[in-house]
Amino acid sequence: QSVLRQPPSVSAAPRQEVTISCSGGSSNIGNNFVSWYQQFPGTAPKLLIYDNEKRPSGIPDRFSGSKFGTSATLGITGLQTGDEADYYCGTWDSTLSAMVFGGGTKLTVL
Amino acid sequence: QVQLVESGGGVVQPGRSLRLSCAASGFSFGDYAMYWVRQAPGKGLEWVAVIWFDGRQKHYADSAEGRFTISRDNSKKLLYLQMNSLRAEDTAVYYCAKDLIKTAVSGTGDYWGQGSLVTVSS
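Quick note, the sequences are listed as chains A and B, same order.
Convert by adding 12 to the 1-based position in the first sequence; the result is the number in my numbering.
Convert by adding 3 to the 1-based position in the second sequence; the result is the number in my numbering.
Pulled out of the complex, with its shape left as it was, chain B reads as follows (with noise of 0.2 Å):
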């Protein structure tokens, strides 16, 4: 069956960095467009980022861009987020999610991810 775990999540000061980390299983990882999703505390899903199956376009939300990295390793089954200059607001749970389709990108996540909490403070 479709497994997403994700790991990395904590507190970390403001500026700071974190790396997450989704571990996939039941599924051919490298044939899936993969997905983070953010769920700030009492608001609701939003996109973060998509990496293609193959690594090779990643596309960003706004809030983002310039500070974020998204990145696969096909061979391990892992997708990364690193989250650089991070700011208050950053604080949510962020989910991995799988796309629905091989080899394409349909906006459709069909499994995801238990969540990994990361709180933004001083």
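So here's chain A without its partners, still in its complex pose (with noise of 0.2 Å):
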């Protein structure tokens, strides 16, 4: 069981935009900033957001992070069907001082 939670898939049309939201507590993504994972199948962890909302060098703004108390949300606008692939949320728990990750998230795009 994930100390995050994320919804096990979500799916949406071509060009179209999705949400995927990440539900905490005020050990983690209450008191840290959220980070957000893409992972294609066969290979590593991609970070996508973190600080909540920053994108690395290199990520589309189509991609985006929001946070709210003890939940988070990544946005994905004007959908490609190479987006399809398995998403995270992370964080730091203060309590555990461990990182912890949301189960995953599978984004189709049909």
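Honestly, the hints are just simulated from the structure, not real lab data.
Be careful, since some hints might not be right.
As the list claims (entries may be wrong) - Heads up, simulated DSBU-like pairs for lysine-lysine below, C-alpha to C-alpha not over 30 Å straight-line:
#1 B/Lys-46 with B/Lys-61
#2 B/Lys-105 with A/Lys-58
#3 A/Lys-66 with A/Lys-118
#4 A/Lys-58 with B/Lys-61
#5 B/Lys-105 with A/Lys-66
#6 B/Lys-105 with B/Lys-79
#7 B/Lys-46 with A/Lys-66
#8 B/Lys-80 with A/Lys-118
#9 B/Lys-80 with B/Lys-61
#10 A/Lys-58 with B/Lys-80
#11 B/Lys-80 with B/Lys-105
#12 B/Lys-46 with A/Lys-58
#13 B/Lys-79 with B/Lys-61
#14 B/Lys-79 with A/Lys-118
#15 B/Lys-79 with A/Lys-58
#16 A/Lys-118 with A/Lys-58
#17 B/Lys-61 with B/Lys-105
#18 B/Lys-46 with A/Lys-118
To be verified - Facing chain A, from chain B, some residues (calculated, C-beta under 8 Å):
#19 Ser-78
#20 Tyr-98
#21 Ala-107
#22 Gly-112
#23 Thr-122
Please read all numbers here as calculations on a predicted model, not as lab measurements.
By construction, the Cβ of each residue, glycine as well, lies at the ideal position given by its N, Cα and C atoms.
Reconstruct the complex from the two isolated chains, following the hints.
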């Protein structure tokens, strides 16, 4: 059972937008920055969003992040078939002294 | 450019030991905390351990506590994970990851290695 909670799957049509939610508590999301990772099958996770809303160099602005209280959201606009992947939220848990992740959300672009 | 390359994975019998290594390059290794994160086949990401930039603090997931040991050699730019008393449920791809910020632990891995597969089976 993951510390952070994400929907197992989301889907949307090409060129549409989708959001992925991530829910936690005061010891993790509530008091620490949230990151989002993108993972394609057979490859390592890639940092997509850090510090709740910042994008590393090279990540298109179609990807956005936000946080409110103990929840965070990843938004993807202008969906492309190449966005089909697993997406994970993550943060630090100050009580557990642990890096924690959501269970992952599989994005399908129909 | 930042590179992290894991090695040491393989097939091992239950109860035996294995040591993973992660060779770092392209950044000031001794300035950053480092993580081990694993992913069992078809499953999500599971944090295993973290070591502070200077090696003075280490924390482990409950599943690793008492069996795994994280360590580092800053002079050689190497990160290690010593895994003892391995179980079938330890079967996973093990990734090393670099922390986002210097001299602190943020919980964000900004660069990840390609992973090393550990299979525990008799």
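Numbers of the earlier hints that this structure fails to satisfy, in rising order:
Checked against the structure, the hints that fail are numbers 8, 14, 19, 21, 23, while the rest are satisfied.
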